[in-house]
Amino acid sequence: MITDDRVGGPVAELGHVLVLAGGLSPEREVSLRSGDRVRDALREAGVDAGEADADAALIPLLAADPPAAVFPAIHGNSGEDGAIREVLALLGVPYVGSTAEACRLAFDKPVAKALVASAGLATPESVTLPRETFHDLGAGAVLDRIVARLGLPLFVKPARGGSALGAGPVRAAGELPAAMISCFAYGETALIERFAPGTEVAVGVIDLGDGPRALPAVEIVPAGGWFDYAARYTAGRTEYYAPARLTETSARAVAAAAVTAHTALGLRDLSRSDLIVGPDGEVFFLEANVAPGMTDTSTLPMAVEAAGLDFGVLCRELLLQAARRGA
Amino acid sequence: MASGRGKDDALLGPFGPSPRRGPYPDMVPGKRRHAVSNDPRQRLDPYVDQYAARARMMLASEIRALFAVAARPEIVSLAGGMPYITALPLDAVGELAGRLVADRGAVALQYGSGQGDPGLRESICEVMALEGIRAHPDEVVVTVGSQQALDLITRIFIDPGDVVLAEAPSYVGALGTFASYQASVVHVPMDDDGIIPEALEETITRLAASGQRIKFLYSVPTFHNPAAVTLSAGRRARILDICRRSDLLLIEDNPYGLLGFDDEPPRALRADSAEGVVYLGTFSKTIAPGLRVGWALAPHGIRDKLVLAAESAVLCHSSMAQLIVREYLASQPWQEQVKLFCELYAERRDAMLGALEASMPPGCRWTRPGGGFYVWLRLPDGLDSKAMLPRAISARVAYVPGTGFYADGSGSEYLRLSFCFPEPIRIREGVRRLAGVVEAETELRDDFGTWGAGRSS
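The listed protein sequences derive, respectively, from chains A and B.
Quick note: the first sequence uses this note's numbering, first residue 1264, plus one each step.
Quick note: the second sequence uses this note's numbering, first residue 139, plus one each step.
Calculated from the structure, these hints are not laboratory results.
Don't be surprised by glycine CBs; every beta carbon is placed ideally from N, CA and C.
Please note that the accuracy of each hint is not assured.
What the hints assert, rightly or not - Here are the computed distance ranges between Cβ atoms for each label pair:
hint, chain 1, residue 1, chain 2, residue 2, range
1, B, 351, A, 1395, 48 to 58 Å
2, B, 233, A, 1589, 46 to 56 Å
3, B, 183, A, 1510, 22 to 32 Å
All chains should be built: construct the whole structure from the sequences, respecting the hints.
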């Protein structure tokens, strides 16, 4: 439930909070931008917000000056795989977002796909294999079977990771080895998906205590046709539509799909699901994010704005909810 | 609030694409960052269609993102070329700067001349004399690091499409400057003795035959960044001769000339050609890069244009920074300090070469620099240093992929390692980690190597 902003309201109750950003994953820079944005928005909403990195100084800092709650904005490994949240739980510090256990499931894309599929959502057919399998059984023979089964084009991505790092489309078989090598530079397991054509949308889900609800879908149209790192983080490289240019039926379908994914994965407070609306309106689940990007070019803040909400107040309410919930 | 909603409403809530109710009544309405319109299209950068052509290639990059991680202390960074400033007599510099403000603040904190402080320009001539250059302070233009000298030179010479010749590989900061003025960079190959004269001649002839305008040859002849080679004495004369015969201006970028580990500083190209060479120098490596004091030594005509260009770019250089350098050169044993830097860097080079020898897998080759900051390493066939970088970052070691040092997208089989900043023990650890990364990448290459070649979709 949203609280109001009068005297003795949320700001006074909340006290000092901490935004966590940085970390050592390749998404460090993105995370720092997300963290700065969240911290600034919180300050505009009147909150006494600080920011800290996930390094050797963090635990002493949390012990010396325990914040009322933490807003984790660390992406990639440790931020989204549950590690940082496990540590926060260990220290008894309340935090916004999903539990470590739920993060572990959601961060592993093949596991998330399976869970979400069990809940009735479609997800592109895929093969998940660790690097050793290619080595031990012969990469050529395995790739032959993958192409025979899934056809082309394909989409290769690390089973764990974000910001499209190490991920890319494969249009012709000849592009596959380089895509596999790029993928394995970021992780030990590859997810090879049948490429799902259609409209790409990101759908945020917020739960302020009265159940998970979808924000307006944000449609992503990258200038180069593929939403890679440069397209994601160069302002103007990609066109976004918030709300997405979907029919009423499709808008409801993607909202329902994001809420279903959020629930099926046991996520808490906020999440973002990346979905494809196929040409015939079918919705495909690609992945869910437990620490969605909060940068100037990220979709979740756009969705918040499109919903007519204030981003800083929303972050404040999520922190207040976390503080009341306790560790 | 939840009363009277159907199932779909519960999913969409007040956030639905066409909310029938407003947002939460007690929530502060969203602040629009741009003008409100009915267009759902989010112009994150409303000026995206208005940028000049030269700005369109300026994109966010994964490499930059990885370097954000490389700056963390947990990572052994063999990437950046940061001088080891800790070895400077910082107390003395501090005292000198304090005195400068106290005694001569009215000058040090005032505007200065576009060409730079005359006293400093005299000192610069004395510094260049160590490399055999005889110059007059009038010919010197002080710049914001030698990077600004490069920018100004490019600004006054290059129209879009003009050709710049540069070594293969070449300094990444120069390539960035050339690209920002839309120059067309043509690389000239090097070997262990620097740029190859025959290749230079052939390139000039070929470009002239196709009617292209070559404006200058950009070269780092001594302790090259990144290739770590030095143009041999014999070749220096030949390169100057080729440039003279072809009416080709030579830009000699010499940031590392005084940082030799073994011999006296090599004689500068400018020492033997006052009219055909613009010499770029800097105090970034001999004193400190944070002062941003560099210079260009140029023939009179070019000098005049550089001064005008400098005035339009920055009005004048920092008087404070210039006077600190001038005082430092006048009052500190700066040559002994440079010698100390050299000894320190030589020890680090030895640490790196020793570690490379001990741990790199077969198929790697690298240069053995006689000075400067870098080792240039060639990976085993089929490995791509840019694709390998994330693996290296995961293993907590960083380097610079070779592709950044080529304007034509080649160089993926190379990487640059710098030994100037980390302590020897960190260098050894970093190289050990890198060796593991190269081994793992080699295994991947063997697994995936040639599959798919010749197949079609």
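How the hints compare with the structure:
1. B:351 - A:1395: 48 to 58 Å: Holds - the Cβ-Cβ distance for residue 351 of chain B and residue 1395 of chain A, about 55 Å, lies within 48 to 58 Å.
2. B:233 - A:1589: 46 to 56 Å: Roughly 55 Å apart at Cβ, these two residues keep to the hinted range, so it holds.
3. B:183 - A:1510: 22 to 32 Å: Holds: the Cβ-Cβ distance is about 29 Å, inside 22 to 32 Å.
In the structure shown, no violation is registered for any of the earlier numbered hints.
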